[in-house]
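Respectively, the protein sequence lines represent chains A and B. According to the UniProt record's numbering, the first sequence is numbered sequentially starting from 1. According to the UniProt record's numbering, the second sequence is numbered sequentially starting from 1.
Check each hint, because a few of them may be wrong.
Since the list gives no way to pick one copy over another, a pair counts as held whenever it fits inside one copy or between any two copies.
Below 27 Å or equal to it, Euclidean Cα-Cα: the simulated BS3-like pairs (lysine-lysine) are [claimed, not checked]:
# : residue 1 : residue 2
1 : 322       : 221
2 : 17        : 39
3 : 159       : 96
4 : 159       : 197
5 : 197       : 322
Rather than coming from a laboratory, the hints here were simulated on the basis of the structure.
Chain by chain, the residues:
There are 2 protein chains.
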Amino acid sequence: MAAGASDDRQELLHLIKDGWFEETQSFWTGQRFSLQVEKVLFHARSAYQDVLLFQSTSYGKVLVLDGVIQATERDEMAYQEMISHLPLFAHLNPRKVLIIGGGDGGVLREVAKHPSIDTIHMCEIDEMVIDVSKEFMSDTLATSYEDPRLTLVVDDAAKFVTQDGHGTYDCIIVDSSDPVGPAEALFEAAFFQSLHKALNPGGIICTQAECQWLHLDFISKVYRACCDIFTEVEYAYTAIPTYPSGQIGFMLLYKGPETSAAEDDGECDDLRPLTSLRVAARLPSAEVQASLKFYNPALHTAAFALPEFARRKLDEARAKVKPRS
Amino acid sequence: MAAGASDDRQELLHLIKDGWFEETQSFWTGQRFSLQVEKVLFHARSAYQDVLLFQSTSYGKVLVLDGVIQATERDEMAYQEMISHLPLFAHLNPRKVLIIGGGDGGVLREVAKHPSIDTIHMCEIDEMVIDVSKEFMSDTLATSYEDPRLTLVVDDAAKFVTQDGHGTYDCIIVDSSDPVGPAEALFEAAFFQSLHKALNPGGIICTQAECQWLHLDFISKVYRACCDIFTEVEYAYTAIPTYPSGQIGFMLLYKGPETSAAEDDGECDDLRPLTSLRVAARLPSAEVQASLKFYNPALHTAAFALPEFARRKLDEARAKVKPRS
Numbered sequence: 001m002a003a004g005a006s007d008d009r010q011e012l013l014h015l016i017k018d019g020w021f022e023e024t025q026s027f028w029t030g031q032r033f034s035l036q037v038e039k040v041l042f043h044a045r046s047a048y049q050d051v052l053l054f055q056s057t058s059y060g061k062v063l064v065l066d067g068v069i070q071a072t073e074r075d076e077m078a079y080q081e082m083i084s085h086l087p088l089f090a091h092l093n094p095r096k097v098l099i100i101g102g103g104d105g106g107v108l109r110e111v112a113k114h115p116s117i118d119t120i121h122m123c124e125i126d127e128m129v130i131d132v133s134k135e136f137m138s139d140t141l142a143t144s145y146e147d148p149r150l151t152l153v154v155d156d157a158a159k160f161v162t163q164d165g166h167g168t169y170d171c172i173i174v175d176s177s178d179p180v181g182p183a184e185a186l187f188e189a190a191f192f193q194s195l196h197k198a199l200n201p202g203g204i205i206c207t208q209a210e211c212q213w214l215h216l217d218f219i220s221k222v223y224r225a226c227c228d229i230f231t232e233v234e235y236a237y238t239a240i241p242t243y244p245s246g247q248i249g250f251m252l253l254y255k256g257p258e259t260s261a262a263e264d265d266g267e268c269d270d271l272r273p274l275t276s277l278r279v280a281a282r283l284p285s286a287e288v289q290a291s292l293k294f295y296n297p298a299l300h301t302a303a304f305a306l307p308e309f310a311r312r313k314l315d316e317a318r319a320k321v322k323p324r325s
Numbered sequence: 001m002a003a004g005a006s007d008d009r010q011e012l013l014h015l016i017k018d019g020w021f022e023e024t025q026s027f028w029t030g031q032r033f034s035l036q037v038e039k040v041l042f043h044a045r046s047a048y049q050d051v052l053l054f055q056s057t058s059y060g061k062v063l064v065l066d067g068v069i070q071a072t073e074r075d076e077m078a079y080q081e082m083i084s085h086l087p088l089f090a091h092l093n094p095r096k097v098l099i100i101g102g103g104d105g106g107v108l109r110e111v112a113k114h115p116s117i118d119t120i121h122m123c124e125i126d127e128m129v130i131d132v133s134k135e136f137m138s139d140t141l142a143t144s145y146e147d148p149r150l151t152l153v154v155d156d157a158a159k160f161v162t163q164d165g166h167g168t169y170d171c172i173i174v175d176s177s178d179p180v181g182p183a184e185a186l187f188e189a190a191f192f193q194s195l196h197k198a199l200n201p202g203g204i205i206c207t208q209a210e211c212q213w214l215h216l217d218f219i220s221k222v223y224r225a226c227c228d229i230f231t232e233v234e235y236a237y238t239a240i241p242t243y244p245s246g247q248i249g250f251m252l253l254y255k256g257p258e259t260s261a262a263e264d265d266g267e268c269d270d271l272r273p274l275t276s277l278r279v280a281a282r283l284p285s286a287e288v289q290a291s292l293k294f295y296n297p298a299l300h301t302a303a304f305a306l307p308e309f310a311r312r313k314l315d316e317a318r319a320k321v322k323p324r325s
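Go ahead and model the full structure; you've got the sequences and the hints to work with.
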């Protein structure tokens with residue numbers, strides 16, 4: 001499975017120059033992040049995307065999909081811990097969890113740390129990502145694929161969540177790539193409607209929601225669409241050096257305990273529970289906290305403190321939400 | 001003053017390749033950030049460093065010193081507002097302020113927004129940085145050099161702060177470049193001792209303090225040294241896409257109201273004032289808040305919420321501080 005065919009070599013020549021991997025910039029023009037390559041470990045085209053794994057000189061192993069960095073062993077915890085523990089610690093008692101995407105295994109590793117969880121469903125579209133991660137990063141990212149609570153499905157998540165019998169999740173974590181390529185459907189209103197249906201009342205969703213420095217208009221659009229569907233909608237973010245502009249955001253979505261979107265009366269703020277998503281509803285046990293390198297309860301709240309330029313933009317989007325009838 | 005001499009062209013060829021400025025990586029190996037160049041506006045070597053200013057395709061004008069990005073018009077507010085307003089809003093009534101470095105004028109622009117301030121001293125070592133900023137960025141960064149409260153001194157700050165008659169500052173903001181080259185002395189214990197002397201009791205210092213992702217050992221060393229000198233020492237940070245790893249930190253230093261280092265008895269935590277640096281002591285007026293693109297009081301507190309890996313490291317450093325006798 002290692003790079004060998006001449007097509008692959010051409011692709012590699014395009015991505016790696018003079019020993020440096022240069023990230024593709026179609027979604028963020030005029031800026032470029034590069035990592036020095038020690039050795040290419042894997043390169044192939046799956047049914048969905050270009051999959052590259054290399055050993056870097058200073059960031060451990062690096063997983064790249066369609067020319068965009070997905071995870072490096074040095075800083076992946078900033079993303080995996082935050083996208084997982086923001087919804088899980090905002091929930092009082094998560095028992096059944098759905099992971100969408102996350103083929104590298106990092107979100108699964110974090111979800112598996114919660115003893116209250118008895119059922120983990122995971123739906124990843126690209127089996128090659130899972131296989132590569134299991135083969136090369138079994139001690140760092142893909143540590144928990146043997147967890148007995150896990151049911152792994154290789155399928156299109158947009159299809160998976162509309163199927164009968166998959167409802168009643170307490171938390172859903174959408175660890176998607178950018179909304180170009182295979183993950184495009186995971187940012188559309190229809191998908192969020194499906195997620196809302198798949199969620200238990202009182203349930204919480206956390207989705208990868210792009211970078212406020214680069215795609216604030218896009219975030220604002222998704223935010224507003226979610227305000228039409230969910231009881232509480234919040235935008236949070238984490239620092240992560242190897243993602244574009246050093247940051248990635250999350251949309252946190254709450255389905256009220258005694259209501260559904262159709263029954264809501266008033267703006268999405270009206271039904272905000274007393275404990276907002278901005279505050280951890282539970283503290284990590286000493287054992288779990290000791291296993292974390294990034295998340296802690298103070299950082300949970302800090303993740304929702306937006307810079308003025310973003311706060312204003314999302315406040316404007318919220319103000320435009322029509323009262324439901 | 002524009003690039004012209006053959007030496008400068010050689011230097012430029014080194015910094016700009018195929019229309020992209022590639023940042024020099026001596027202080028962060030294996031990773032590289034690049035910006036696309038539209039036009040070089042200025043390039044020369046000053047008495048202290050290589051000074052480059054270019055128009056980028058997507059970040060406005062970009063100031064580069066010794067190959068390292070100092071400010072881009074698109075994201076500079078994240079740095080300038082936080083390094084200025086963290087100490088100024090943590091202080092109840094700042095009247096006399098010293099800016100060290102900050103030749104681009106951005107910190108001065110933010111300091112000048114505080115109506116309580118009647119005296120601003122600024123000490124920048126490199127006049128070329130001031131001149132370039134005034135010539136090319138008078139409407140964005142260098143907006144406040146005509147402020148009647150300003151006394152501008154072109155000198156070595158390490159020397160300036162030891163001179164008689166310069167004491168009694170309420171706030172000191174140290175907007176330095178990295179501790180390689182002209183700013184090296186601004187990270188040494190002797191300099192922090194001088195700053196402590198130059199500060200009023202109850203005064204607050206904020207210094208540029210590198211990135212926790214890249215230089216945590218260095219930060220920890222400076223942090224510990226400051227704990228020996230100041231009543232309260234805190235590390236905060238801001239997101240800024242065009243700085244290495246997308247983030248930069250600040251050391252916030254508080255000199256207790258009724259004490260000096262020599263008189264302290266106990267660890268640096270013992271004399272923490274009721275209102276810690278982590279909370280804004282005053283709220284921005286509506287007018288000032290409207291002028292801000294980044295800082296707000298919620299972000300003030302969030303800036304001190306460290307990821308676990310950094311929190312643990314600085315807690316260890318603090319635990320090693322010897323009680324003063």
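Hint-by-hint comparison with the structure:
1. 322 <-> 221: within (14 Å within a copy, 54 Å between copies)
2. 17 <-> 39: both (13 Å within a copy, 24 Å between copies)
3. 159 <-> 96: within (19 Å within a copy, 63 Å between copies)
4. 159 <-> 197: within (13 Å within a copy, 67 Å between copies)
5. 197 <-> 322: Close inside one copy (21 Å), not across copies (58 Å); limit 27 Å.
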